[in-house]
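Given chain A, work out where chain B should sit, using these hints.
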Amino acid sequence: MKQDDNPSPPEAARQAARLPLWANPRIGLVVLLIALIALFTTLRPAFLNTQLTLVPMQSDISVYAVVGLSQLAVLSLGHMNMAVGRMAAMSAFAAGLLHDRLDAPLIVCLLGGLATGALLGALAGLIIARTGVNSFVVTLALDFALIGLVSLLYATFTDGVAFGGLPAGMSALRTDTFADYCAGDVCGPEIPLLAPIALVAALGVGLLFRWSRIGREVLMTGANAKAALLSGIPVNLRVVQAHALSGLLAGLAGFLLSANNGSFSAGVGDGFLLPSFLAPVLGGTLLVGGAVSVLGTVLGTGITQVIYKGLNLLQFQVDELKLYIGLVLLAALSLDRLRHVLAERRGVPA
Amino acid sequence: MLLAEGLIKSFPGVRALDGATLKLAAGSVHALLGENGAGKSTLVKILTGVYRPDGGRVLLDGAEVHFGSPLEALRAGIGVVHQERNLVPEFSIAENIALQHLPHRGGVVDRTRMRAEARRCLGLLDLDLDPDTRVAELSVAQAQLVEIAKALSVDTRVLLLDEPTASLTGEEADRLYAIVRKLTAAGHAVVLVSHKLEEVFAVADTVTVLRDGHSVAQAQPLSGYTRDGIVDLMVGRAYASVRLADRTVDRAAVPALELTGVSTGHGHRDVSLSVARGEILGLYGLVGAGRTELAKALLGLGEITGGEVRVHGTPVRIRDVGQALRQYRIGYVPEDRKGEGLFLEQPIARNVGVTVWRRLARLGLIPDRGERRVVDEYTELLGIRLASPQQLAGQLSGGNQQKVSLAKWLAAECDILIVDEPTVGIDVRTKAAFHELIARLAGQGMAILLISSDLPEVVTLADRIVVLGEGAVRGELANDHDYDAVSQRVIRLIHAAPAAA
Numbered sequence: 001m002k003q004d005d006n007p008s009p010p011e012a013a014r015q016a017a018r019l020p021l022w023a024n025p026r027i028g029l030v031v032l033l034i035a036l037i038a039l040f041t042t043l044r045p046a047f048l049n050t051q052l053t054l055v056p057m058q059s060d061i062s063v064y065a066v067v068g069l070s071q072l073a074v075l076s077l078g079h080m081n082m083a084v085g086r087m088a089a090m091s092a093f094a095a096g097l098l099h100d101r102l103d104a105p106l107i108v109c110l111l112g113g114l115a116t117g118a119l120l121g122a123l124a125g126l127i128i129a130r131t132g133v134n135s136f137v138v139t140l141a142l143d144f145a146l147i148g149l150v151s152l153l154y155a156t157f158t159d160g161v162a163f164g165g166l167p168a169g170m171s172a173l174r175t176d177t178f179a180d181y182c183a184g185d186v187c188g189p190e191i192p193l194l195a196p197i198a199l200v201a202a203l204g205v206g207l208l209f210r211w212s213r214i215g216r217e218v219l220m221t222g223a224n225a226k227a228a229l230l231s232g233i234p235v236n237l238r239v240v241q242a243h244a245l246s247g248l249l250a251g252l253a254g255f256l257l258s259a260n261n262g263s264f265s266a267g268v269g270d271g272f273l274l275p276s277f278l279a280p281v282l283g284g285t286l287l288v289g290g291a292v293s294v295l296g297t298v299l300g301t302g303i304t305q306v307i308y309k310g311l312n313l314l315q316f317q318v319d320e321l322k323l324y325i326g327l328v329l330l331a332a333l334s335l336d337r338l339r340h341v342l343a344e345r346r347g348v349p350a
Numbered sequence: 351m352l353l354a355e356g357l358i359k360s361f362p363g364v365r366a367l368d369g370a371t372l373k374l375a376a377g378s379v380h381a382l383l384g385e386n387g388a389g390k391s392t393l394v395k396i397l398t399g400v401y402r403p404d405g406g407r408v409l410l411d412g413a414e415v416h417f418g419s420p421l422e423a424l425r426a427g428i429g430v431v432h433q434e435r436n437l438v439p440e441f442s443i444a445e446n447i448a449l450q451h452l453p454h455r456g457g458v459v460d461r462t463r464m465r466a467e468a469r470r471c472l473g474l475l476d477l478d479l480d481p482d483t484r485v486a487e488l489s490v491a492q493a494q495l496v497e498i499a500k501a502l503s504v505d506t507r508v509l510l511l512d513e514p515t516a517s518l519t520g521e522e523a524d525r526l527y528a529i530v531r532k533l534t535a536a537g538h539a540v541v542l543v544s545h546k547l548e549e550v551f552a553v554a555d556t557v558t559v560l561r562d563g564h565s566v567a568q569a570q571p572l573s574g575y576t577r578d579g580i581v582d583l584m585v586g587r588a589y590a591s592v593r594l595a596d597r598t599v600d601r602a603a604v605p606a607l608e609l610t611g612v613s614t615g616h617g618h619r620d621v622s623l624s625v626a627r628g629e630i631l632g633l634y635g636l637v638g639a640g641r642t643e644l645a646k647a648l649l650g651l652g653e654i655t656g657g658e659v660r661v662h663g664t665p666v667r668i669r670d671v672g673q674a675l676r677q678y679r680i681g682y683v684p685e686d687r688k689g690e691g692l693f694l695e696q697p698i699a700r701n702v703g704v705t706v707w708r709r710l711a712r713l714g715l716i717p718d719r720g721e722r723r724v725v726d727e728y729t730e731l732l733g734i735r736l737a738s739p740q741q742l743a744g745q746l747s748g749g750n751q752q753k754v755s756l757a758k759w760l761a762a763e764c765d766i767l768i769v770d771e772p773t774v775g776i777d778v779r780t781k782a783a784f785h786e787l788i789a790r791l792a793g794q795g796m797a798i799l800l801i802s803s804d805l806p807e808v809v810t811l812a813d814r815i816v817v818l819g820e821g822a823v824r825g826e827l828a829n830d831h832d833y834d835a836v837s838q839r840v841i842r843l844i845h846a847a848p849a850a851a
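Read top to bottom, the protein sequences are chains A and B. Counting from 1, one number per residue, gives the positions in the first sequence under the working numbering. Counting from 351, one number per residue, gives the positions in the second sequence under the working numbering.
Chain A on its own, in the form it takes in the complex (with noise of 0.2 angstroms):
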């Protein structure tokens, strides 16, 4: 999270007199959420149904949030992860794998696709690291490399492009709310079974940036990697870890993915890089690293997937989507470039 969380009392008055309320992102986005709902809404009641539009919703912000947070994971450092969708596609074959070969239970086949995940992302860590070479290069060469592996590996475990069956209990994340499970006669409310799993992700990784050594030392060593190494930060170890925690995440992403389809396919992961970015930097997440948000990632997918959502309904073409989703993007950015802006000229002077 970004370090003016949390600021005391006066320090918070300052910072208000400072800057605008609507120049505080996350409050702009709530406000941008709930006049984009009231804005659908409005244009077509349906988009407040229950079945047809938000249980479904909410299993695709579980998703992407838990996309976006493999993207923020990276960014923490000033470095980017190209291939989010491939560590996610090889997280979810491993699963798969492991389900078809040797029959094993969900939380095995879960275990397994993070591992997976991880062990990519601590390889291209590991390069970066050794190498010195660009994050962006590395990870884009890797996912390159494993387009081609996941296919393969496909066409040689199974009949076409997905796995056959799925583990017990698979069915139930991607087709149960809690409203299905009931004590008596109060039953839970109508949130999917994916969600509650996002949401322990997001608090971890907020609590790791937030308090913990390693995490405030990955943003340390983002923020400038030179006064990082003299300052007996172990700059290279936090790198890798990073990228691990950002492959983790994709392989998080892959398993929920997979749930919400019903397979475990090659095709998983392959829509994941845009809104990898989208989020984190709605949310006001910094590209050149130093300071991330997880609060403003979870708001920015729950931007997005209401747009997604809404033009859907409004039966819009694809491309029209991409378009519009596109030109947020841009006015996103824009915005917190004039954010920058003021708070330059409101700053300390030269």
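Hints listed in this document are in silico derivations from the structure and should not be mistaken for laboratory results. Careful: at least some of the hints might be erroneous.
Computed cross-link-like contacts, BS3-like style, restricted to lysine-lysine with a CA-CA straight-line distance of at most 25 angstroms [what the hints assert, rightly or not]: (1) K646/B / K226/A; (2) K546/B / K373/B; (3) K688/B / K532/B; (4) K226/A / K688/B; (5) K688/B / K546/B; (6) K688/B / K646/B.
Which stretches of chain A does chain B cover? Using the computed rule of at least three CB atoms under 8 angstroms from a CB of chain B, they are [stated by the list, open to error]: (7) 210–221; (8) 227–234.
Note that the coordinates shown come from a computational prediction; the quantities given were computed from them, not determined experimentally. Using N, Cα and C, we set each Cβ at its ideal position, and we do this for glycine too.
Below, chain B alone, put in the same frame as chain A:
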């Protein structure tokens, strides 16, 4: 020739200039002096078109001028060499010099003319450099001179030099000033902004002193002032050179840090020195003598190829800064505080706390209150003036930034401290406070290795001085704090032929 009068410039909450006046005559070197925050940089930025003044006017040859951008100021004949390097490292010297007015023919850069132009400018400074050399391959001093050549490439009549010798050796500075005199003889006016009063007195003809945005001395002949007189004007109160309390060092005890015949991958040969607890060892030498590299090698950032390093008598081999800190309690305050010492975009609390997180962490998590306590303790101890611990380190003044850079090592409870050029670019008053602080730390039993190119600083602080030249120890001498005598001996050591070349 140039007259800026009654200049006013406000920033939110600060009046940086409040009626400052600067009057330049052709053919003279004019010193612009003042403490950090007195308004020197703001004045320079107004003259070069970076800022617009809120009030007052600028006259060039009697006609009022308004500069909308740095380019307009440049066209009017006002060139500037900023304290920070402003060259593109990957471009050649010629490209850098011609960058703002590339000669072209039919839309294509005319390389022949560009080179000829660059040669002309380099010739003005008697510089024998190939215009096709990439700037990245130049030494710091050469790059500095190329910047001056660049400033001269347009028809510059007023040349502003902001701390031009901050990264130059004495000899290189002398050469630079010889060029400055040549320029003034040719009718240019030169404004010199510098913290080094010795140089100012050697070079400048007239002086303007700024304090709190006013000019407290306006274009006065420098010959009418003494060094202390100028300092009094800058500081605004009678200022006495610090006389630090005497310390006693137990030389019989085992040295805290001892190097015996150390050679490194960077080319140091047979370096032997030792620092006792409570002692300040001055490591003096010219820029490029390898002092910083020696310090970094000690911390495991460079290779030690021979000899022995002992910490409190135990031979050690340090792998990285983390080990140096945690196992041997060695801290290093780097010379480049913006690039290496601080996280400018991070809050002060994190800048100070970074070295103690490991100690504070419970189950891998850092309690806010524990961190707050450590940060409060050390910002208070060092007298760091801050609005809040959440303020970004980059918003502090230079002196306070340096204190933050030091605070993290004190917070980490180091007992050996390597301080590299602690007061570069820091004003007179803060410098004195810093010297007292370093002396106090030594008085409390810390072993301090002070790397400095500032001879008065070394003579003020050190108990003994080791002179390093070209990777080897040229000599060691006891310091009795008598500046004239000690400085002569040090200079003789530097210019003595290397014992075994």
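Going down the list of hints, with the structure as the test:
1. For a cut-off of 25 angstroms, the pair hint linking K646/B to K226/A stands: about 12 angstroms separates their Cα positions.
2. Distance restraint check for K546/B and K373/B: the Cα-Cα separation of roughly 22 angstroms lies within the 25 angstroms cut-off, and the hinted pair is therefore satisfied.
3. Simply put, K688/B and K532/B have alpha-carbon atoms about 34 angstroms apart, too far for the 25 angstroms limit, and the pair is violated.
4. The straight-line distance between the Cα atoms of K226/A and K688/B is roughly 10 angstroms, inside the 25 angstroms bound, and the hint therefore holds.
5. Among the hinted pairs, K688/B with K546/B is consistent with the structure: their alpha-carbon atoms are about 21 angstroms apart, no more than 25 angstroms.
6. Taking the CA atoms of K688/B and K646/B, the gap is near 17 angstroms; set against the 25 angstroms cutoff, the hint holds.
7. Interface restraint, the stretch 210–221 of chain A with chain B: holds (8 residues with C-beta to C-beta distance below 8 angstroms; minimum three).
8. Coverage of the stretch 227–234 of chain A by chain B holds. Counting CB-CB distances below 8 angstroms, 8 residues qualify, and the rule asks for three or more.
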